[in-house]
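K.L.:
Protein sequences appear in the order of chains A and B. Just so it is clear: in the first sequence, position 268 is 268 by this note's numbering, and no numbers are missing. If you count the second sequence from 1, you need to add 431 to reach this note's numbering.
Check before you lean on any hint, since a few could be wrong.
[Unchecked claim] Quick list of the computed label-pair ranges, beta carbon to beta carbon:
| # | chain 1 | residue 1 | chain 2 | residue 2 | range |
| --- | --- | --- | --- | --- | --- |
| 1 | B | Q516 | A | S123 | 27 to 37 Å |
| 2 | B | H586 | A | G98 | 13 to 23 Å |
| 3 | B | F831 | A | S28 | 27 to 37 Å |
| 4 | A | M1 | B | K659 | 30 to 40 Å |
| 5 | B | K620 | A | G98 | 20 to 30 Å |
| 6 | B | D626 | A | G29 | 22 to 32 Å |
| 7 | A | P315 | B | M432 | 52 to 62 Å |
| 8 | A | M1 | B | M432 | 53 to 63 Å |
| 9 | A | G98 | B | D674 | 21 to 31 Å |
| 10 | B | M432 | A | T253 | 31 to 41 Å |
| 11 | A | R92 | B | R827 | 44 to 54 Å |
[Stated by the list, open to error] A partial selection of chain A residues facing chain B, derived with a Cβ cut-off under 8 Å:
| # | residue |
| --- | --- |
| 12 | N2 |
| 13 | H40 |
| 14 | S61 |
| 15 | A63 |
| 16 | P65 |
| 17 | K68 |
| 18 | L149 |
| 19 | D153 |
| 20 | D190 |
| 21 | I401 |
| 22 | A414 |
I should point out that these hints are in silico values taken from the structure, not numbers from a laboratory. Since this is a predicted model, take the numbers as computed values, not measurements. A virtual CB, placed ideally from N, CA and C, is assigned to each residue, including glycine.
Protein chains: 2
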Amino acid sequence: MNIPQSSFPRIIIIGGGFGGIALAKKLSGKDVQVLLLDKHNYHTFQPLLYQVSTGGLEPDSIAYPIRKVLQGYPNFYFRLAEVTQIDTEKRRLETNIGGIAYDYLVVATGSQTNFFGNQNIESYGMAMKTVPQSLNLRSLILENFEQALLTDDLHERDALMNFVIVGGGPTGVELAGALAEIKKGILPKDYPDLDTRRAQINLVQGSDRILPAMSEVASRKAERFLEKLGVNVWKDVRVSDYDGKQVTTNTDTSFEACTLVWAAGVKAVSIKGLDAEELLSRGSRLKVNHFHQVEGFEEIFAIGDVAQMETEEFPEGHPMMAQPAMQQGESLGENLARLVEEKPMKPFKYKDKGSMATVGRNKAVVDLKKFKFQGVFAWYVWMFVHLYFLIGFRNRVVVFINWVYNYIKFDREARLIIRPFKKEYQVSKKT
Amino acid sequence: MNIPQSSFPRIIIIGGGFGGIALAKKLSGKDVQVLLLDKHNYHTFQPLLYQVSTGGLEPDSIAYPIRKVLQGYPNFYFRLAEVTQIDTEKRRLETNIGGIAYDYLVVATGSQTNFFGNQNIESYGMAMKTVPQSLNLRSLILENFEQALLTDDLHERDALMNFVIVGGGPTGVELAGALAEIKKGILPKDYPDLDTRRAQINLVQGSDRILPAMSEVASRKAERFLEKLGVNVWKDVRVSDYDGKQVTTNTDTSFEACTLVWAAGVKAVSIKGLDAEELLSRGSRLKVNHFHQVEGFEEIFAIGDVAQMETEEFPEGHPMMAQPAMQQGESLGENLARLVEEKPMKPFKYKDKGSMATVGRNKAVVDLKKFKFQGVFAWYVWMFVHLYFLIGFRNRVVVFINWVYNYIKFDREARLIIRPFKKEYQVSKKT
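The following block holds chain A by itself, in its conformation from the complex:
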């Protein structure tokens, strides 16, 4: 891997998500050597992936080169690599570009879509956790509308225009809202020869309210916003199977839809060698103590979605979201610096800064600790917060410009099938 030996202890961070990046930043200037590994050469701002899928944003605006983050940090190295195994005894990693030893290891691999073992849904449904996945979904949506024009079978045409979004968390809610706005504002103009009013957007939630991690008033209000936009919200319904067209549920309700987006669960990304049953919680998260040390190891840490720290407030670990990951990265950064200086570590304390979700233009819900609000102001707050946490000045400006433009023009111009997803549209591999 060509990482030089150094007199400083070597910290290897696996994953350049919110946690890994926050940690790396905290370690700059400390007496450590840092190696950051990621299978992408960029950090992904996952909360805005749904806007890439719906043509509102360009993929490059919500991705940021990891090398750029680390620019000017001495003793920092980045390698584009996938970790295949951890040898905790020898304190060594194996990756697709070779092996390397660590002094401290931080697992920040995040989470991936959890299909709960349903292979049909995994095969035919779409996930939206990475930039390429979001672009695939963007292509599929547009390809289905192009195809809807070609059939005389009304059943088939409806199925091509219908959407089923499984999971009523922020991702599902935001995607459903965006699709509803596209249905209303763009489809009739783009497809005048198609009765796009027939397109149905179904949001299917297994429990009795959407946004279950938020307050009841947020759930209620978000549901009303969605209904105003024409989204069909199904509660207490669980999708059980999907064959690419027919969606079956645990109730009498079923759908015909050629696009099913699965946003109903995530699971931690575990690595061979650190996946023994006793290390993991339900959901495959690594159990960590209050210093983020993985149970049984002094030199292995985990942060973010992949880590489960049981606290009084969160007996099943912190929410798998950007905020806890960032705070954990910062806390661990300080602790690792203290560890190297042979000072005692400080236990992590999570500061809940609230949560939010947007449904559409002028429609968002925000829960702060003491104050909950919904509507236009919440929407501004949502936008401000997302711009603030987006990495990179250029990204912020470009996203802001796109939002202003989309708001004024009721438009989303990135409705481009750059890489076709369906085989029948992959007309030529070279182009």
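Please build the complex by placing chain B on the supplied structure of chain A, with the hints as guidance.
P.N.:
Same frame as chain A, but now just chain B:
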């Protein structure tokens, strides 16, 4: 294809490039039915593809949804389709989504990279005529640098950092300049553990000057600009073979480079059924008369790169560039409207608005008819003209913002490997 019958004559336009779009716009409001076919659902602003490849622009900023162009034009239809054959006797097209009859047919299929039959160069070299191709090149460049870090073989490492750009036209010159700026401004900061000064950018031109279609002063000045930036310009050298690493030429000169970009020739995209030898010129362009009628047909027209209209000024047809294509589209639009109204058509007259190429920041060359200039002012003109011809207000703003940012910060932040190009980096198909 579900295009309704209409009492108006049906004009089918194959291709949504500069020519096809200009033509479609001219036909709006006329008593015709228009069907535009393209294998992409977007128009590509090809002159800026090299900036996508070099991480300076996002792909979505130089692409524009064709459906958006046609919004609000009554009797206009778009279909995402690839034409497989033309039956000129039955006046019918066959496509991958079915057949359809035309009253008038306009071939505006443009051009593709011409490897002149050299299969090795086609296999191992990179083309840059479409958005996906440009993104592939972007990925390859970045992947090669990531890989250069991993090898101890100095030979191998140099090859991974070397570039050979074949063809000294505007594309080759602009790409070479952009790569030289990246080498200088970004690589040392992104890859501090790599001696990126060793990276070589070679621009190889078969004739005795680069930019041969421009004035001698432009050629000379562009060459000096390139040399200032550290590009090796090779004249009177022709690349003859490439095995993915070793570049051989017709001279003693040879290169070791893992990235070869072929910008040394284009050929018209012909369609089965309209590719008889007597219809085509050298370079496979369709010979057309001064009304753009394909020889021997009254109802078939060709415009843009695919059309060759022999004139006194251009005995081998107009240059295969955006300007002639747009003017031809406009002229043909007027003529088709006149044809439908049974008025006589007017012969096409090309107005040469000049040509230009940029080499890097503050460095461009512009040839106007009576006035040739180079340097900073030429660079501003180049930017203004490109922004002006870019389709879409949002695209213009986003490109402008990116240019300002890149200029101030000496940066190009879209250096993202979204879809890996090399097999070894395609770690997981699903992500």
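K.L.:
Evaluate each hint against the coordinates.
P.N.:
Results of checking the hints against the structure:
no., hint, in the structure
1, B:Q516 to A:S123: 27 to 37 Å, "holds (35 Å)"
2, B:H586 to A:G98: 13 to 23 Å, "holds (20 Å)"
3, B:F831 to A:S28: 27 to 37 Å, "holds (33 Å)"
4, A:M1 to B:K659: 30 to 40 Å, "holds (37 Å)"
5, B:K620 to A:G98: 20 to 30 Å, "holds (25 Å)"
6, B:D626 to A:G29: 22 to 32 Å, "holds (25 Å)"
7, A:P315 to B:M432: 52 to 62 Å, "holds (59 Å)"
8, A:M1 to B:M432: 53 to 63 Å, "holds (55 Å)"
9, A:G98 to B:D674: 21 to 31 Å, "holds (26 Å)"
10, B:M432 to A:T253: 31 to 41 Å, "holds (35 Å)"
11, A:R92 to B:R827: 44 to 54 Å, "holds (52 Å)"
12, N2, "holds (6 Å)"
13, H40, "holds (7 Å)"
14, S61, "holds (7 Å)"
15, A63, "holds (5 Å)"
16, P65, "holds (5 Å)"
17, K68, "holds (7 Å)"
18, L149, "holds (6 Å)"
19, D153, "violated (11 Å)"
20, D190, "holds (4 Å)"
21, I401, "holds (6 Å)"
22, A414, "holds (4 Å)"
Checked against the numbered hints given earlier, this structure breaks only hint 19.
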